[in-house]
Amino acid sequence: MSLTAFPMTTISSHPGRLEQGPDRLEITGDWTLAHHAALKKQVSAWRHGRSAASKVDLSGLAAVDTAGAALLVELIGADRLRRIDDLAPDLPAAKQALLQTVAKAMAVPLRLEQSRVSPVIAFLAQTGRHVEALWRQQRMLLAFIGLTLATLAATLPRPRRWRITAMVAHIQQTGLNAVLIVSLLTFLVGAVVAFLGATVLVDFGATIYTVHLIAYAFLREFGVMLAAVLLAGRTASAFAAQIGSMKSNEEIDAIRTLGLSPVELLVLPRVLAMMVSLPILSFIGTITGIIGGGVVCALMLDIPSTQFLAVFERDITLRHFFIGLAKAPVFAFIIAVIGCLEGFKVTGSAQSLGEHTTSSVVQSIFMVILIDAIAAMFCMEMRW
Amino acid sequence: MVNADQNPLIRVRGLVNRFGSLTVHENLDLDLFPGEILGVVGGSGTGKSVLLRSIVGLHRFNGGTVEVFGEQLDRLSPSRRSEIERRFGVLFQRGALFTSLTVQENVALPLIEHTGLPRHDAEHLARLKLALTGLPPEAALKFPAELSGGMVKRAALARALALDPEILFLDEPTAGLDPIGAAAFDRLIMTLRDALGLSVFLVTHDLDTLYTTCDRVAVLARRRVLVADRLAVVEATDDDWIREYFHGPRGRAAYQANQLPQET
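From first to last, the protein sequence lines are chains P and E.
Quick note on our numbering: the first sequence kicks off at 17 and runs consecutively.
Quick note on our numbering: the second sequence kicks off at 566 and runs consecutively.
Bound conformation, chain E alone (with noise of 0.2 Å):
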């Protein structure tokens, strides 16, 4: 899956980032290649979610260079701007589901909003998105408040992937779900991805998910990124962080569970 002879379709260089007197990200760099799953692992605090938030244009970093599809997009014009951003898609930590509209207009949004397909179709496609991931047909004209916590990251999801995008961000996809709930979105975004070809950025403190699913891990400690290889390399790493999270009980396990269904 993984090219890394091909252009990333992100390239983060030097990138800065502070709050006061605190230096958040200090000289970071970063590739996401096509077509791969590129872990993002750090303890708290480490700047995961601020790093995100400065690839896609949420936040406004203090020096270095971000590029998404070769593009910076702090300095193009907003429309085209907006074309660069159509291109990717943004599942956030808590669904960000706009709690005003039904799962179905959630989706639709999008779709009406820059396509100009009328509401009928575009709700058809809502519904196909909707059962891309894996939501039953009823869950379409709820709102958000009546969904539970699994249903509504899948129904973010499915707002992310409404306009077919390249690239899909990923903020903790599974944090708050049941393991069953966990290990079914870790399955579902490796399907999605081979089936719609997505190159994706997924933050997560998950060890299951980071092992089942990422192609790269790229960690994030002291202010920088100071690994973003193969599990098997980063495991490797001579660094204590690494070390406590890949060697830790629960890095034992999740690796365990991981190498199981290889042997049988």
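Next comes chain P alone, as it looks inside the complex (with noise of 0.2 Å):
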């Protein structure tokens, strides 16, 4: 079948016009979307002025569309319009019936007041709403807490409401599936601070201690702390994800008709799977870290590995490995708690999942750090 069958509207399509005669209005022509910033401009220019047309000539009117027919009401007048038959009773029924539809929309004024307000306003009130909007965030953040141990705290003396395979799959989601990831990352860190340490140690002739470096950084902090944060950025915005769409398909509210806790239900199967993911992957981290550190001493510093070995036997004690490892629930607690938390928040719209997603990962990592550097303080003060 050939195209001209069903011609579009924009081929062969005679723009309209508006012609004045002696003592009437010629409208000619097609009256489409594809000509309408054409005829905005004449209607705009006949208006000029003028209050209402006095006599309307509509039989030259060839085709005419929504588009065209909003132009024509603005030009002849909704009132006028709507009494199409007086005023071209020679136009056929359809594009009557369009005329007569469109001027009764019209009708109604179509133009909205909107507001203005003043910038240096708008700045203020911007500013306040996000000041309050952090205040009651940190607020929520502790009454979930709170919520989340006390369900755990109903929870823990009653084994048949474990959610046991709930939890190992996301144990396998958010650990076993990063083991990969987070034993890459640390081994490549720890060869950087071996590096780091070298170019500085060398200059004292004390490049042996590239190997305590190495030892306090990851034991203490690095490990746990780059596992952290990668989960931060991958399970965070996860949980945030799964749970913000379950919201907005209204399932969170089924889980409540149905007389379940979502907290129960959703909330503790990944606190608790992260707790026990997150030190694993700190542990994890910790060891390929280190051994990233020893390959570098090995392959670029001379220090061989039995020796490598024997310095940390001698001189690190256990102590910095359970200070480093006991970071690992707090943050995975925090990191879970947040991501859910978030998800949560969402409210219906894409918009809102993908900013309460985001919002999960920038928090999570900021709490990672905060908690992180009071530990830090601590065990300082503590001479630990």
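Just so you know, the hints here were simulated from the structure itself, not pulled from any lab data.
Certain hints may be false.
Said to hold, decoys possible - Covered stretches of chain E (in silico footprint by chain P; criterion: 3 or more residues with CB under 8 Å from a CB of chain P, positions within the stretch not fixed):
hint, segment
1, 610-622
2, 693-699
3, 725-734
4, 764-778
Stated by the list, open to error - Just the calculated beta-carbon pair ranges, DEER-fashion:
hint, chain 1, residue 1, chain 2, residue 2, range
5, P, Gln-188, E, Ser-586, 24 to 34 Å
6, E, Ala-749, P, Ile-197, 54 to 64 Å
7, P, Phe-338, E, Arg-659, 49 to 59 Å
8, P, Pro-31, E, Arg-684, 16 to 26 Å
9, P, Glu-35, E, Gln-571, 29 to 39 Å
10, E, Gln-637, P, Arg-272, 12 to 22 Å
Stated by the list, open to error - Not everything, but these chain P residues come out facing chain E in the computed CB check (under 10 Å):
hint, residue
11, Leu-49
12, Gln-58
13, Ala-83
14, Leu-107
15, Ala-110
16, Leu-115
17, Ala-121
18, Met-122
19, Lys-361
20, Ala-366
21, Gln-367
We treat Cβ as the ideally placed atom computed from N, Cα and C, and that holds for glycine.
Bring the two chains, given one by one in their own frames, into a single complex with the hints.
What follows is the structure, encoded as structure tokens:
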């Protein structure tokens, strides 16, 4: 079948025109969306300084769509077009119906008053809103932590309500599936720290202390920190997106109306899974980081692996390892809780889902670093 | 309204759709003629929505041909295909409004993207379309999440009508509306059809919609179109499913409800 059987409106179309006769207005050609800009110019030029057309001749009107009809309504006036039978009795019924329908719809004014606020006031109002939102967010986080702990306390004595399957599934997603990326990343950072240490220490002839640097850095800070930041990016966002899309799909409401607790069903398995995964990942990260440093020591700094291990065993106490690992469950808890809470805050729209997913990552990384800084100061004061 | 002499706007021939081992459509034929409202009915899982998605090009079918305006969408270049797609509008079952845009921006989007109208003009036209679908002016600046189910349907219809399409596809337009809202929506579709000269492809479960609006009804069953004709002919077809559908308690009630205003 050829195209000509269904001509496009834009092909072989005569742009609509507005011609002023001696005592009347002649409207001809196609009044369609394709010619909207040109027609609008003609209409506003004609209307300039005039109220409404006296006599209108619509007989030359070829094609018309809603956009063109809207311009005609502006030109001729809604009231007159609604009595189109008198105005243009020989216009085909379909076009009459279209003009009447559009005229009827435009009887209600389409313009909307949008209130304008001065930019200074808007800026101040915005700042105020942000500060208030920040305050409310911190209170909400504390409340949610409380709710999670209370639910955990209520669930612990009842083994029948432990969600073992869900928890194991989350351990796989958050823990097992992240092993490779965590190991690779900490290995590389370990190598970088070894180079960095060597560059500074070689001037003092103390290259051997690179071993101490790597050990302290990874046992106390980097192993757990890198794993936590990675999981904050990888898992907090996943939790926020999962729970957020459930929220927009009213699944959370469904859980509530079934008499179940969304915190028990969704939050606890995720939080507990994270608290299992992150310590294990921190341990793996610490080991691979030290291996990364050790490889650089062996290949570039002439510290063979036997000497590396000997220095390690002689000078580094087990305490550093425990200080590092003790932070892991705290980080895990805060990352998981923030991820879940941001998910619950999602309100329907795709925009909101994006905002809260982003917010979950930013907040959890911020909290991880904040808690780590406080812990470092605490340990220094305690001389641990 | 129906003009069967003209070339059909949509011509489906020998359509085959399979999902794994499940065959949904086998040798399905269907036409949509200019100016008609065609109702497509069928039990759950008979592939009404799949048929709609096959026609508008959202679903890649396994066999047969689908011609829209005499062209096979799946064989066109992307730019030519976009030109054809501009000539039909689709109302999805749940509205599918863009949640991050206001209602007015939702409707203005295709106008701005396809016609290059300035934003101000496009939004003015968008408010006109919203008024045409019976939404109050205040709704224009709201976000889809702030609207009721009926208003979402109307706003989505306004977006489907944005480019003055020639064919309107409606997927369960009255599902989830209260009876008053549903009846108003039926009337709205008829008014717009008459005013804008639309052809409507309507997938529905709503018997009232069938009786009040449709010129022809196509029944999907046993992987094909059993019958596609005026309602009276369809009702009289000798088939178990059709008998149960149209002569069950709900079918009878809808039939009687539609007869009353005509008798008095």
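Structure-based check of all given hints:
1. Proximity of the segment 610-622 of chain E to chain P, defined as three or more residues with a beta carbon under 8 Å from a beta carbon of that chain, is not established by the 0 residues found.
2. Residues of the segment 693-699 of chain E with a Cβ under 8 Å from some Cβ of chain P number 4, which satisfies the need for three, so the listed coverage holds.
3. With 3 residues carrying a beta carbon less than 8 Å from a beta carbon of chain P, the segment 725-734 of chain E meets the three-residue requirement, and the given coverage holds.
4. With a threshold of 8 Å between beta carbons, the proposed coverage of the segment 764-778 of chain E by chain P is violated, since 0 of its residues qualify and at least three are required.
5. In this structure the supplied range 24 to 34 Å holds for Gln-188(P) paired with Ser-586(E), their Cβ-Cβ distance being about 31 Å.
6. One distance hint, 54 to 64 Å for the beta-carbon pair Ala-749(E) and Ile-197(P), holds here, with the actual separation near 56 Å.
7. For the pair Phe-338(P) and Arg-659(E), the beta carbons lie near 54 Å from each other, so the given range of 49 to 59 Å is met.
8. For the pair Pro-31(P) and Arg-684(E), the beta carbons lie near 23 Å from each other, so the given range of 16 to 26 Å is met.
9. Take Glu-35(P) and Gln-571(E): their Cβ atoms lie about 34 Å apart, and the range 29 to 39 Å holds.
10. For the pair Gln-637(E) and Arg-272(P), the beta carbons lie near 49 Å from each other, so the given range of 12 to 22 Å is not met.
11. Given hint, Leu-49(P) at the interface with chain E, holds; its Cβ is 6 Å from that chain's nearest Cβ, closer than 10 Å.
12. Proximity of Gln-58(P) to chain E is violated relative to the hint, the smallest CB-CB distance being about 14 Å (cut-off 10 Å).
13. With 10 Å as the threshold, the beta carbon of Ala-83(P) comes within range of chain E, its nearest partner Cβ sitting at about 6 Å, so the hint holds.
14. Restraint check, Leu-107(P) versus chain E: the minimum CB separation of about 13 Å is more than 10 Å; hint violated.
15. Proximity of Ala-110(P) to chain E holds as hinted, the smallest CB-CB distance being about 5 Å (cut-off 10 Å).
16. Hint on Leu-115(P) holds. Least Cβ distance to chain E is approximately 9 Å, under the 10 Å limit.
17. The interface hint given for Ala-121(P) holds, since its Cβ lies 4 Å from the closest Cβ of chain E, which is under the 10 Å cut-off.
18. Residue-level restraint check for Met-122(P) holds (minimum Cβ-Cβ distance to chain E is 6 Å; threshold 10 Å).
19. Using the Cβ-Cβ criterion of 10 Å, the hint placing Lys-361(P) at the interface with chain E is not satisfied: the shortest such distance is roughly 14 Å.
20. Evaluation of the Ala-366(P) hint against chain E yields a held restraint, the C-beta minimum of about 5 Å falling below 10 Å.
21. Restraint check, Gln-367(P) versus chain E: the minimum CB separation of about 4 Å is within 10 Å; hint holds.
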